[in-house]
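J.: Single-letter residue listing:
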Amino acid sequence: MRKEKGEIMSYWQKNLDILRQQAPELADMLSGTQVPADHQARPSKKGPPSLKVGRHQVHSAYDPLGEGLQWAQAHDPGAGQPLVVFGLGLGYHVLPLLQEDREIWVVEPSAAVARLALEHQDLSPLLAQGALRLGRNFQGIPRGATLEAHPASRRLNPALYRRLEAYLAGEETTGGHLRILVVGPLYGGSHPIAGYCRRGLARLGHKAELLDFAPFYHGYQVLKTASRDKVAVLKLTQDLLKVLGEVLMARVRDFQPDVVFFLAQAPVDPPLLQQMRSQGPLVVYWFVEDFQVFPYWQNLAPEVDVFFTLQREPFFSELRKLGLKNFACLPLAADPEVYRPLTLSPEEARRFGSGVSFVGAGYRNRREFFQGLMDFDIKIWGSDWDLHTPLKPYIQNQGARVSEEEAVKIFNASRINLNLHSSPYHPGINPEGDYLNPRTFDLAAAGAFQLVDGRRHLPEFFQPEREVATFGDLAEAREKISYFLAHDEERRQVADQGRERCLRDHTYQVRLSEALELVEEICPGRLPRRPRPERPLDLLRREFPEDHPLQALLKTMPPEVEELGQLVDFLKAGEEPLTETEAIFWLLHEFHQGLIRGRF
Amino acid sequence: MDIAVINLMRFGDLIQCTPVLRRLRAEYPEARISLVVSDLFRETAVLLAGVDRLRLFPSSSLATLLYQEGSWPEALKILAEWLHQSFPEPPDLVINLTPNLLGGILTFATGAREIRGVMVNRDRELVSRSLWASYALIVSRARRANPFNLVDLFLREAGLQPDGRGLQVAVPPAAARQVEEFLHRLHLPAGAALVGLMPGASQPERCWSPPQFAQAAQLLLKTRACHFFIFGSAQEAPLGEAIARELPEGAATLLLGRTTPALLAAYLQALDLLITNDTGPMHLAAAVATPTVALFLAGARVQDTGPVGPGHIILEAELECHPCQAPCPGLRCAKAITPEAVSWWAARLLNQEPLTPVDEEDAWRGLRVSRSGADPEGYHTYLPLMRRPLARRDFWLWLQRLTWGRMLDQPDFAGLDLQEWLEWMLFRHYLPPREELGIMTGEGFLLDLCRTAAQGEKIAGDIILVADCSREYPVRLWQKVEALRGVDQGLRRLAVAFPELAALVEFFFQEQRDREDNEIVPLARQLQGAYAFLRRLGEVALASLAELKLILGIPEGGGNFPEMAQPVHQLLVSSQALLPEREGMSCR
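Those sequence lines, one after another, are chains A and B. Take the first sequence: its letters are residues 1 to 600, numbered as in the working numbering. Take the second sequence: its letters are residues 1001 to 1588, numbered as in the working numbering.
Bound conformation, chain A alone (with noise of 0.2 Å):
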């Protein structure tokens, strides 16, 4: 039996106000949830409605409320046994286990599942329970409890499923300490991002390290002026990619990665591709590009183990054609280090400040849109803007580029962000756009107001106008401009609650914690699960009699200190005279300078 729409309205709500009396949260992000085209709930033959994701069949299309039972009565643990199910699809197999002795908990990875869940089902005796789980957060818990896991649900979130099967085991982490060389491009929007890359790894407990590309930059584009003709120049620079791609053999044969984590851009070609995963590392490329901007994808996803995108359908159905499953959708996400709240001057304040501004490249589409904002306090930052427009009052310092640091200032010291996605297909906003550029999360970080585009993917990430202000045409953006410039604190609120979810959600240290359980995922049993090494300065603490004089030192150094060359930097920057029990560490730390020197 088809459900009416005033029958789902009525389940939406009141499933709503009971989740917003026990997790608000939780509840205003399921409102600002958008369910993705292809997450169908449609009526079964039987009448209740059943649910496909994508390709995938979450519940029976015959009869989901008695497969939901028949699940139940198998996977029941018995009375009084707290019981984790993961996956809550519609609920069919939740609902039957719900008793009041028992204590439930359901993880669902999806929250526009979730959403369909409470358009769909009456949740109440769940909700009421404060029982729902979203994606990773697994708060409250407890460690120990039997897990059932809904076979659909599992099928789509691997990872995520083993993650909790880890934290209910007690382990903080599924995987090992990896060994991972981050190689970055020459130059470029991926540029940075390989650096937060490198960062983000670290932060999670593997050896990571940047093969950074860019010095030889300034080579490559000498290149280009070396010879008028077009054939030499193109020799030239194959030439000089080859010795980059033997740069790069040979930090891996230095490095002796387990993975080797591509940035879009990075100059490699099938061959060398090829010729890496022959020597055993992993090989995985996050394809931060759009699609169908950039056609070089076709060359290299086939050619390496793991291949990540920002977005998925029809993208997806592309990979698929050239016969390959190696793919994953991975976002974007911000590094909290560099994008973080300033206290800024008040020349920086007046110099980078303004009501409205923009930091990005002057693309077509943002060259149009902008000339209906000019009767704003408006200020255009960045590079590729066509300073012969009516736009150029507004375009500072001649459409220089904008460092990292000042992106963060004028991020800072503007009322209103503006971000509109780039497009050099559309007119102002791309009606067809769908992930999310690195400027959202960027300005997230930063704690920055921002007024962005309309983007499919938006309200995964952030709570549209809780979490960040949205407009969907040039009529609107006006209009919640003015708005917003008038109400400063409504404007520090939403700030306020981006950069929380930023934080929580959207580092680079969460997204890479994902990306290499979907490495997990595709790849299964590649990467190695070596212990974690003990941390140097612990092993040095173990080493050492408690009452030696260097466990006294030890104490004072902060958190972050772990190698040698660190500590030794960290005793020298301090005031204290120099010590005997320091002048050990120093003695070591130069002696292996003069190993790497080749002389003492």
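One or more of the hints may lead you astray.
Covered stretches of chain A (in silico footprint by chain B; criterion: 3 or more residues with CB under 8 Å from a CB of chain B, positions within the stretch not fixed) [unchecked claim]:
| id | segment |
| --- | --- |
| 1 | 542 to 551 |
| 2 | 569 to 578 |
| 3 | 590 to 600 |
To spell it out: a stretch of chain A is covered by chain B in this simulated footprint if at least three of its residues, at any positions, have a beta carbon under 8 Å from a beta carbon of chain B; those stretches are [to be verified]:
| id | segment |
| --- | --- |
| 4 | 533 to 539 |
| 5 | 581 to 587 |
Not everything, but these chain B residues come out facing chain A in the computed CB check (under 10 Å) [said to hold, decoys possible]:
| id | residue |
| --- | --- |
| 6 | LEU1062 |
| 7 | GLY1070 |
| 8 | GLU1074 |
| 9 | LEU1076 |
| 10 | THR1098 |
| 11 | LEU1101 |
Worth flagging that the hints you see were computed from the coordinates, not collected in a lab. Ideal placement from N, C-alpha and C gives every residue a C-beta, glycine not left out.
With chain A held as given, fit chain B onto it using these hints.
T.: Chain B in isolation, oriented as in the chain A frame:
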């Protein structure tokens, strides 16, 4: 008394510190002397006499662990334990002969009661304890006119008096017997000279080429019967093989990679002569009293690291660029040393002909030839064997010998003897100068130096006075400190303008690094003393300059060659330092 000598350098440097051990034993007969060396050179260290205990710095195990990722805590433990075992109690005296940060930190870590040489202080600065140690540290920055050999600098850093007796190692009897038996089995013809060849060196640019070695050996074979022994490491074997290929069959024995330090010492002792680049085996040969013909190429500078002890011959290129800062691809200095010259001087040593100076001949115009010896103060010297007009670089070198001796060796300095010796040496080994010696510029430099130092001295004195009322007049104090900064900048400019005497300024700044006091008045007093010392150094250099001018007959204020040539000529003749006809020929 517990004395530790730290030398973490390499093979040659270890051999070069043997006079320190000898003089220590003589001056402190009751003391227990420990020698701290890298464990990589244990076999060399056991050859050194006068050592009661060897303390082997665990370089091998530390290096192994440090090359393994994450193993540095284990390395630290080994190092801490080694330090504890080696120095359970702080030594009474540590003499550090390792002129770098590694040696400086280790010296500090011993907690020694007294330190001589280089060390880090509590402010983490690399400082020198004793004036000679400061001089030794600045030599590398102002080496152009350094007259002192490393061996003597080691001694003076250690607070010991040079004795001019060269190096010394004890060849183990077992090694000597083994070599004797080996030589016996070779059945060499009676009267054949045993000549060693050492074609390798620490840096490729310091290597005379194998074909040149081979040609020199061939030429030597034409003058007398010889058998050649070619030494070096296993990695240098191709150099030896390339030489041997060019020699008659059975004329050479290859020993590359086949000698322990003890065996090498025994072989070298058995030789009549070693022809060598500037290497550790060169010093070992000198230490077993085997004469050497040493070839100094590229950056190798004979005054710094030449073979010490009497009777060694050193060949260098007569090039303005030698010794160089960085090697050139053309290796001009290697080409300038011809096989003919090497074999000729080698034959003179083999035939034990007197090493008296000869006049320059066209064939050797591109060469500088020196003979090792010692001056009356016991410092090792290198005197030219080919008489040439006194060159600017030599003039300022001898001036520094006089100046630093006067300043740093008081009250032991026997100035009169040295002065007489200098006079004798300058007439015997040099012809009158032909080129401009830079005397006027040098005098100007020294006067400026004295003036600037006196200015610094005065300002430091003013600071002492102003400091008392600095709370009321902080600006005045600040002005004085700024003025002092200007004085130091002036000194830096002087050093750049006249590099021959840059050592004087560098020495002053090196001494300033060891200031642990943070109070204004004591600091200013120390500074005042340092400027006074610098002024005195300048005055002594001026006095030395006047003496040298007098010796050479250069008129007051005269740096102009034509004006001074005649008096020098007359002096040379009147002192009968040169035979009139030879002198006449040279002056043509």
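J.: Does each hint hold? Answer for all of them.
T.: Status of each hint after checking the structure:
Under the rule that three or more residues need a Cβ within less than 8 Å of chain B, the assignment of the segment 542 to 551 of chain A holds, with 3 such residues. Counting residues of the segment 569 to 578 of chain A whose beta-carbon sits less than 8 Å from any beta-carbon of chain B gives 3, enough to reach three: the coverage restraint holds. Remark: the segment 590 to 600 of chain A is confirmed as covered by chain B, as 6 of its residues place a Cβ nearer than 8 Å to a Cβ of that chain, reaching the required three. With 4 residues bearing a CB less than 8 Å from a CB of chain B, the segment 533 to 539 of chain A meets the requirement of three and the coverage assertion stands.
Given as covered by chain B, the segment 581 to 587 of chain A passes the check, having 5 residues with a CB less than 8 Å from a CB of that chain where 3 are the minimum. The interface hint given for LEU1062(B) is met, as the beta carbon of that residue sits about 6 Å from the closest beta carbon of chain A, less than 10 Å. Below 10 Å, beta-carbon pairs count as interface contacts, and GLY1070(B) has one with chain A at about 5 Å; its hint therefore holds. With 10 Å as the threshold, the beta carbon of GLU1074(B) comes within range of chain A, its nearest partner Cβ sitting at about 8 Å, so the hint holds.
At about 5 Å, the closest approach between the beta carbon of LEU1076(B) and any beta carbon in chain A falls short of 10 Å, and the interface hint on this residue holds. Given hint, THR1098(B) at the interface with chain A, holds; its Cβ is 8 Å from that chain's nearest Cβ, closer than 10 Å. Using the Cβ-Cβ criterion of 10 Å, the hint placing LEU1101(B) at the interface with chain A is satisfied: the shortest such distance is roughly 5 Å.
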